[in-house]
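Construct all of the structure, not just a fragment, from the sequences and the given hints.
There are 2 protein chains.
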Amino acid sequence: MSDNWLDEVKWTEDGLAPAIAQDAASGRVLMCAWMNREALQRTQQSGEAYYWSRSRRKLWHKGEESGHVQKVRSIRLDCDADVILLAIEQAGGIACHTGRTSCFYRELVAGVWVTQDPVLKDPREIYQ
Amino acid sequence: MSDNWLDEVKWTEDGLAPAIAQDAASGRVLMCAWMNREALQRTQQSGEAYYWSRSRRKLWHKGEESGHVQKVRSIRLDCDADVILLAIEQAGGIACHTGRTSCFYRELVAGVWVTQDPVLKDPREIYQ
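The listed protein sequences correspond, in order, to chains A and B.
All residue numbers for the first sequence refer to our numbering, where the first residue is 47 and numbers rise by one.
All residue numbers for the second sequence refer to our numbering, where the first residue is 47 and numbers rise by one.
These are calculated hints, taken from the structure and not from any lab test.
Do not rely on the hints blindly, as some may be mistaken.
No distinction is drawn between identical chains; accordingly, a pair holds when it is met within one copy or between any pair of copies.
[Unchecked claim] Within a straight-line C-alpha distance of at most 30 Å, the following computed DSSO-like cross-link-like pairs (lysine-lysine) qualify:
id : residue 1 : residue 2
1  : Lys167    : Lys104
2  : Lys167    : Lys56
3  : Lys56     : Lys104
4  : Lys117    : Lys104
5  : Lys117    : Lys167
None of these values were measured; they are calculated from a predicted model.
Right, here's the structure in full:
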């Protein structure tokens, strides 16, 4: 299979693109991380989400430590070809390193970021 | 109301953060653009989505030309405080400048980005 599809993504100067992971069943937006070319290629090849960790400067197989892997059901690209959208099945129902379903657990309410979603599993149990 | 909540966002060196707009009713991810501090503040104050256009280098009231404004139902922040998620009502049911519901209208199928969603309105009619 040709890699032309990878060339069609408009990577930033740093070779990255934001990647949004959405729960394929609930529609909930679970997280937004970064991919480089290799992350996207591995995601496509393996059927599990890979990202580029900017803080650790390394390829990151989501769930490699926590077991919370993401099975990829579809990969979409936006009109500007610079943002990726994954529809995924989230192992364990936990995408966030805080032990919550989604990383977007805080909502702006009357000028304050209020935590709206519960911790489903203690991070100390997730990352041992 | 204090602006502390704006300070809690971890803006990039360029003063930006990705902002995802999700349809509050359907759950469909419609677009991903950038906000700066002023865009987020105006979004909160007005109840309609504002973004920062990197190409035009100006604040952008979504729908200012097309009429396809976005009424904001909730504003969320992720665990790293560097990505914003809006739940919105999309006027006209069209978020994309190509005249489609969502900017994520292309899906990777057998190594090719395939357009999956129809044009609902000709862009020449949208932007006159």
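Status of each hint after checking the structure:
no.: 1; hint: Lys167 to Lys104; in the structure: within (26 Å within a copy, 43 Å between copies)
no.: 2; hint: Lys167 to Lys56; in the structure: between (37 Å within a copy, 26 Å between copies)
no.: 3; hint: Lys56 to Lys104; in the structure: both (20 Å within a copy, 21 Å between copies)
no.: 4; hint: Lys117 to Lys104; in the structure: within (20 Å within a copy, 38 Å between copies)
no.: 5; hint: Lys117 to Lys167; in the structure: within (20 Å within a copy, 34 Å between copies)
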